[in-house]
Every structure is written in C-alpha cells, then in structure tokens.
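Produce the entire structure from the sequences given, and follow the hints as far as they go.
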Amino acid sequence: MSLLEIENITLRFGGLVAVDNVSLTVNEGEVFALVGPNGAGKSTIFNLISRFYDPAEGRIRFDGNDLLARTADQVPSFGIARTFQNIELFEQATVLQNLLVGRHRHRKTGMLSNIIFSPKAYSEELRHRAAVEEVIEFLNLQPYRDKYIGGLPYGVRKVVELGRALASEPKLLLLDEPASGLSVEETQDMAFWIEDIQTQMGVSVMMVEHDMGLVSAVSNRVMALSDGKELATGTAAEVQSHPAVIEAYLGTSEISKTGTSRT
Amino acid sequence: MDFLQLIISGLANGCVYGLIALGFVLIYKATEAVNFAQGDFMMLGAFVCIGFTNHEYMGLDFWVAVPLSILVMGVFGYLFNWGILRHMFGQSQTSIVILTIAMGFIIRFFAGFFWSHEPTSLETPFAGQDIRSGGLVLGIDEVMIVVVTAILTLLFYLFFSRSRIGLAMQAASQNQLAAYYMGIPVKRIHSLVWGLSGMVAAVAGILFASKGAIDPSTGLLGIKAFAAAAIGGFGSLPGALLGGLIIGLVEPLASRYGPPGVSQIAPYAILLLILIFRPGGIFSQTQRKKV
Amino acid sequence: MRFVFKTSYDADIQLFKHRAQAVWYGLLLLLVLATPLYFAAIGDAYLLGEITGVLILAIAGMGLMLLTGHTGLPSLGHATFMALGCYLNINFLGAGVPWLIAFPLSGLIAGALGTMIALPVLRLHGVYLALATLAMSMLTSDFVVMAEPWTGGIAGAAVPDINIFGVEVNRYSTPYKFYYLVLFVAILLVWFYRNLLRTPTGRSFTAVRDSEISARAMGINLTRTKAMSFFLSATAAGLAGALFGHSAGYVTNETFDLVMSITLLLMIVIGGLGFIHGAFFGAIVVGIIPVAIANGRSFLATTFDVNINVPGLESALFAFILICFILFEPMGLYGRWLKIRTYFELFPFYRKDMFKRQKSYLKTDRVQ
Ligand SMILES: Nc1ncnc2c1ncn2[C@@H]1O[C@H](COP(=O)(O)OP(=O)(O)OP(=O)(O)O)[C@@H](O)[C@H]1O
Ligand SMILES: [Mg+2]
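Residue numbers (the numbering used here), protein chains in the order written: chain A, 164 to 426; chain B, 156 to 446; chain C, 47 to 414.
Don't read these hints as lab results, they were simulated from the structure.
A virtual CB, placed ideally from N, CA and C, is assigned to each residue, including glycine.
Each hint should be verified, as a subset may be incorrect.
Just so you have them, the derived chain A footprint on chain C, three or more residues with Cβ under 8 Å [as the list claims (entries may be wrong)]:
#1 244-250
#2 260-272
Examples of chain A residues lying across from chain C (beta carbon under 7 Å, computed) [said to hold, decoys possible]:
#3 Asp229
#4 Leu231
#5 Ala232
#6 Asp236
#7 Pro239
#8 Phe253
#9 Gly265
#10 His267
#11 Met274
#12 Leu275
#13 Asn277
#14 Ser281
#15 Gly397
Structure representation (structure tokens):
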C-alpha cells in the first residue's frame, strides 16, 4: 500500500526548474532512496513534502490526506519526520531536550497546565521521557544525554537529528543525506539503524544519499534524478546500470564516489 | 510660496533621514547586521566636523575639514567592524542589535564629553545665505543638502554598478557563502561596508549640522531613519532615500495641517504601521531561507 | 564532580537536580525571607526599598528573558508594557476593584494588548520586532499624554495603596510588607517559569529560538508559539509595571521611557541570556551601578578633588560593561558563575574549551 504519493510535482525558483514534473510513491514499510548529482532537486523534494515550498503544480498525498492543504507545522502530525542536510539542531539545548522537542506532536497539555505543572502535565512528561529514553537506548546516545549540542562532534549530531525525528514516532522518516560526513564505521551504524527502523519499528524511510554503498545496502527502491527530472526508478542495481543515470553522472566526479565501495 | 518653502525644508530634512537610512540599509544588506547606532554615527560625524571646523575647536578651513571628517568616520566604521563586530560572527542577531544600541550610548557619551551637550552648529562658509527668486527665499544650506544627496546617490549608483569593490559587495550581500567560496574576502568586505556607511553617516551629519544645531541626543534621529528604511523595505538603497524624503515631508506637513503633536509622533507611527501592515516595504518582495 | 545517578525519569523532571541543590536553594530562600529582620534590627528600611526595587526589575527582566533569552525575540519596548500594567492597575484600583483582582488583571490585559500589537510583526524576522517595539517605545510618552483622563498625562498620577483584605501595604509606611509581597510575586513567577521550561511549551520556545526551520519541521507553529511567549512576557512586564507604580508612588509620562526598555534589555544580557538566574543577576547589577557610580564620584571628589559630572556617564559605563560581556562572556554573569563553579567541581581537570560554543562561520538568519 502506498503511504506517500507525489504526482507530477513541479517547482521553479525564478527561471530554474528545481523539480520538474516528478511523480513517485513510497510504499508502507519500504526504504526509498533518491539519488542524483548535486543540484538535482532531491532536497527540494523533501522541502516540498515538508511544505516549506509551495509547488507550482502537482499533488502530494500522505496516508490519504492532501498535504498541500496543510502548513509546514501540520505535516508532522500525520507522522512525517525529517532530518536536514546541514543539520538543524537546537544548538543551545541538550541532546535530551532536542529529542523531547521531537515529541511535540504528541503533547496533550496546553500552556496553562504547563505553567502550573498540573498532574496531567507531569504524567505526560513522564511518558515523553520514557519514549525518548527508548530512542536514546536505540541509538546509543546515553553518553551524550545531557550534553549541549554546541559541543558535540559532527557524527553525533547526525545521530541526534535522527533521534529527534524518531522520537516523534513517525510513519515516514525523511533522511536528507544521513551518511554525509560520517566515517566508515559511523556509516555502517547508520545502515544498521535504518534497517532496524524499517524492519523492527515498521517505519517507512525515504532518504537522499550520495553513498551508493549505503543506498544499495538498505533501500528497496531507488529513484535517480537529474536537473529536477526523473531518470530512472527501480532497484539500486537497475538504477545504477541505467544508461540515462550513467550519462548524468558522466564527467562529474560523482560516479567514482558512488561506485560500489561497499557491498 | 510659503508652501513651497515648507516642502523644500522638508525635503532637506528628508535627505538627512534618507542618508542615515542609506547607511543602515547598506550594512543590513551586506552583513545582515542591524546598526541601531547609525543615527549616532551621523551625530558623531557632525561633531567630528564641528571639532575640525569651528573656531572654539581647531578652526580648520571648512573645505579641508569636510573630507577629513568623512575619512575619520570611514575609518571609525571600518574599525568598529574590524575590532568588535567581526568577533561576533556566529552570535545571534539579538546580540548584534544590543551591541549596537550600547555603542550608541557610548558614542553619545563621548560626543558630550569631548564637545558639548549644548546644541552646536557647524560654521559653514555659506551659513545664513539665501537664494532669492521671485518671492521664494531658500537657504543655501537646504539647497546644498538636496544637491549633495543627489550627487551622492549618483556616486553610489556608479560605485555599485561599475567598481570592482562595489560589485564584490553586491555579490557578498546576495550570498555570503557563495561569495566566500568564489574568493571574495567576505570579512574584509564587511569592514569596507561599515567604513562606507560611516562615511555616509558623516555626510549626513555634516549636512544636518550645517542646517541647524546638533547635540549628542540628536542621534536618536536614527529611529526616524528606520521608518525611512522600513518604507523602502530595508533591502533597497533607493527605497531608503525615498523613504527618507517621505518622512521628511510628512513632518512639516503634519505640523502645519494636522492636530498638535501629530508631527512629533508621525515618523514612529508610520514605522509601526508599515511594520504591521506592509512589512516588506513599499517595494515588497519576499524570500525564503534555503534548507 | 557530583554524579547524578538517575533512578527514574523523575530526576530530570524535578525542580532540583539533586538533594544538595535543593538545600542550597532552600538556604537562599531563608536568606531572602530573613533579610527584613536585619533591616528591622538596624531600624533603617531604606536599603530594603532598594532591594525591593531590584526584585521588581527582576520580575520585568524575567518577562523579557522569556521572550529574548528563551524565544530569541528582541524587544525594545518592554517599558511600554510596564506602563500599560501600571496605568491599568491604577485605574482598576481607582474604580474600587480589590488589589488582588486588579493586579493580576492588569498584567493579563497588558499581555493581551501587547500581543495584539506585536502579532503582525511576530510573523517576521526578529529584527522587525526590535524596530516595531522601538517605535512603540518612542510613542509611549505621547500616548500617556493623550490618554490624560486615565493617566494624568504630564502632571502624572498618584498610585493608590495596596489593600489586601484590609491589610494596607505601602512602600514607605510598611516597607517590610511591601518587600514580602514583591518577593512572593517574584518567587511565584520563578516557579511558573521553571515549570514552563520543563514542559512542552517552554521547549517549543527554545526550539523557535535555536532553529525556526527545525521547529516547524517538528510541528511547532511559529506564530502561535511566538505569540504565546510574547503574551507571557508582556504579562510579566505588566505585573512588574504595576508593582513599579506602587514602589514609585507617582508616575508620569516620562517614567516608562525608552531608556527603561533598553535598560531591561541590557540587564538580561549582562545577567546571562537564556537563564532565569540571568534576570536576577542583571537586576542586581542595574541596582548597584548607580550606587557604585555615586560612591566613586564622591570618593574622587573628596580624595582627589576631582569632580566628574558628565551626563550620560552612567549609561555609557553600563553600555561599556555590556559590550565587554557580549564580546568576552556571551553567557553573561550567570555563565561566568557556572564556569567558576565547574572549575572548582572538576578541579584540576577543568578544560578551557568546556563551555566553548562552536561558532559557525555564517550563522545566517536571512532567507536566501
Ligand atoms: N530556496 C532556493 N532558492 C533558489 N534556488 C534554490 C533554492 N533551493 C534550491 N535551489 C536550487 O534548486 C536546485 C536543486 O537544489 P537541491 O537543494 O534540491 O539539490 P540537491 O539535489 O539536494 O543537491 P545536493 O546533493 O547538493 O544536496 C539547485 O540548483 C539549487 O541551487
Ligand atoms: Mg540536498
């Protein structure tokens, strides 16, 4: 069953067509990867789903809801969580507090009961902490639990961002380059986590990634984009051997980087 | 005739507001910093020139003092960025806002300390002279202000569209990161922009002080210039000048035809109303952050 | 170093991290409760009045701290909300409303009015809010004059005494009662503030401060959150204004001017942006500086026969201290205190970069 359906979506920035008539579906329980050279429009598709941008044409449906009728801050309430290419964490807060913000969509108390810390607010808080503690456990974040983001190494921040998205208990997780800038070991951890998220938590994942090793390792289906247009969709192997994809990467250094460095 | 004089003096005031706003927008566009001390820069520029020119101070020739004070203020702006603001890279906008406000207090204090708290005028060669034509009497000072502002606008236009530094500044203002990667020394450009806006402030101050008396608290005039910048939408140099002219005209007209007290609050009310109803300014264009 | 062993999530939720912390704050509470005894013993309550004034400033400071320190929105017009609270309180009391109702109501209405004015601007970048509140500040005095029937205009208005179930409270005739009253309000607000920070609402404030983009992606409605923060902030300022009125006894159109707004802002930066403590530390500094300057002046005058009497010295000195803080100690006095404490707790293992914040080369708030 398809969870996310994007139909013929187009977005222009002035004269530049960043996303050109792209259609795709993400099925329940699958890992769907978007690949393509820099500037292909991958992040822009994420931003369209997040409703940061309004498409010129097309439709986006999630779980039977029309996302285009919603604003950016309503999107998470359907169960969509995301990370950012350039890590957008709450720098002056601790890891724990960051993850707790991920729980925002589940809050049930309002400002007033928060201010007086009503029993309801207290029991809700306990529930949030319990949920967050599970994420901390899952991602091995205990050592950083009470550390401020500002002082954390890059790799840990990436994990925290993943954790914050997971804390919201999403149905669909959007990961924008989860492995960029990570070491080989860290990338491996990331691959395991993505697999676990898919198989154990039953969360669908849509990710943008340049590391074809990671893409082939974890994804069920892959779509290649270039200049905002779809080139090919299929398994990782099919997409990699597709002539249009090879041509798009030709001349860029991308092909060597994205070669099968890992099996 | 009376009405025309009113308009001219309003325009002259407006030019000063416009120039302050220009310096403010220049910095905002290029560096994203908001200089709440721009009005105080203007006041300081005026006092520096008074210090060079007036008899009780150094008594230099007016035409020597003017370029000298513009230069001094340029260096001051450059050093302010180089010595202080540059070290605040990565801190929030709020800190910069607060820092420049604090700077305003310090400038006001030193102006009062070195020169005086009494309203002082600049001794210009053309003080008190008039141009008469028909029944119309125009102060040379007022005409000068309008002419100088027009010339300055032209110079700015040429600077930004022709000169290498000007083009680099434009590039840096449009996309700092890209400019940085292209080898444009963004930090130095920032300092230059501050220097430039210090110079503009000096011109505004000199014009202001040659028309009337100035005292350290005149720097608060900067808030009216914010209204001017708001009319122009904060990002537009011509918009800032135009906004200045509008504010300059509204004041005397409101005091002539409006109920008492209105002219005093008009610039602030305009600022507030524009922010509330048309925050993009009159030439509104909205942009978004890329993620 | 004290290790906090967490036995349950409770440890994160409680007001105090561990026993010792609770003990320290308990002692502090005892100290502030006992302070009047000392002044009663020496029979001179002048200084107690000053301390009460510092507490009132701290209340206003907490309001601004919530907005600027925790939500990242600068306001240059909080004195305006103080004015609103003050004049509303005067008018309610004048109309015979009991203080216990008039006082909170003044704060709430001030908060609501402030939010209504700020709402359109809250959709925009913080700098716009700074400008709008600045304009508001400049207009305050004129509006007070225009609303003369309610405010007394330039001539000013006398502030009625507080009456709580027949107990009269006045700054001069019953300074001790007034102190306890203000202290109670301050502690109550601190408690509210702490509760806010440990629950979703407060976290959404800090989220908006640190990254608007992420906040939205986590389901936080920016405008609503900012409006909420603004409301609470302006309410606290309104309450502080009402108390300020009681403390001053008489207010005019020039009482709540731009300088007061800016002082509040400088205060929280010096105290430490983003910490409740910062509001109090800042208020203490603001309370001390004028005294210190006056003392320094008379010292110079008597010992060296030097007379420094330059207007604006106070503000300039204040501004100078502030710039030093922004440049060298962006976390303010409270940040410095944290560092010193950590230094001793970890001795000799303290590292200099422990509190170092990573600086991004271009932290741009601008859309591009
Ligand atoms: N806010 C924006 N305004 C203008 N142009 C934009 C904006 N966001 C993206 N673009 C442009 O749209 C195109 C697609 O950008 P996008 O960020 O989606 O690329 P990408 O596929 O994610 O590339 P990368 O692998 O480098 O992240 C690029 O040419 C980019 O410059
Ligand atoms: Mg991208």
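The hints, checked one at a time:
1. A count of 7 residues in the stretch 244-250 of chain C with a Cβ less than 8 Å from any Cβ of chain A is obtained; the coverage claim is therefore met, three being the minimum.
2. Judged by the Cβ-Cβ criterion of 8 Å, the stretch 260-272 of chain C is covered by chain A as claimed, because 9 of its residues qualify and three suffice.
3. Because the closest C-beta pair between Asp229 of chain A and chain C is about 18 Å apart, greater than 7 Å, the hint is violated.
4. Against a cut-off of 7 Å between C-beta atoms, the interface hint on Leu231 of chain A is violated, since the closest Cβ of chain C lies about 16 Å away.
5. Checking Ala232 of chain A against chain C: minimum C-beta separation of about 16 Å lies over 7 Å; hint violated.
6. Hint status for Asp236 of chain A relative to chain C: holds, with the closest Cβ pair at about 5 Å, below 7 Å.
7. The interface hint given for Pro239 of chain A is met, as the beta carbon of that residue sits about 4 Å from the closest beta carbon of chain C, less than 7 Å.
8. Among the interface hints, the one on Phe253 of chain A holds; its C-beta lies about 4 Å from the nearest C-beta in chain C, closer than the 7 Å criterion.
9. Because the closest C-beta pair between Gly265 of chain A and chain C is about 6 Å apart, less than 7 Å, the hint holds.
10. A least Cβ separation of about 5 Å between His267 of chain A and chain C falls short of the 7 Å threshold, and the interface hint therefore holds.
11. For Met274 of chain A, the shortest C-beta to C-beta distance to chain C is roughly 5 Å, which falls under 7 Å, so the interface hint holds.
12. A distance limit of 7 Å between C-beta atoms decides the matter here; for Leu275 of chain A the minimum to chain C is near 9 Å, and the interface restraint is violated.
13. For Asn277 of chain A, the suggested interface contact is upheld, since its CB lies about 4 Å from the closest CB of chain C, less than 7 Å.
14. The beta carbon of Ser281 of chain A is not positioned within 7 Å of any beta carbon in chain C (closest approach about 9 Å), and the interface hint is therefore violated.
15. Annotation: interface hint on Gly397 of chain A violated; nearest CB of chain C at approximately 30 Å, more than 7 Å.
When held up to the earlier numbered hints, the structure conflicts with 3, 4, 5, 12, 14 and 15 and fits the remainder.
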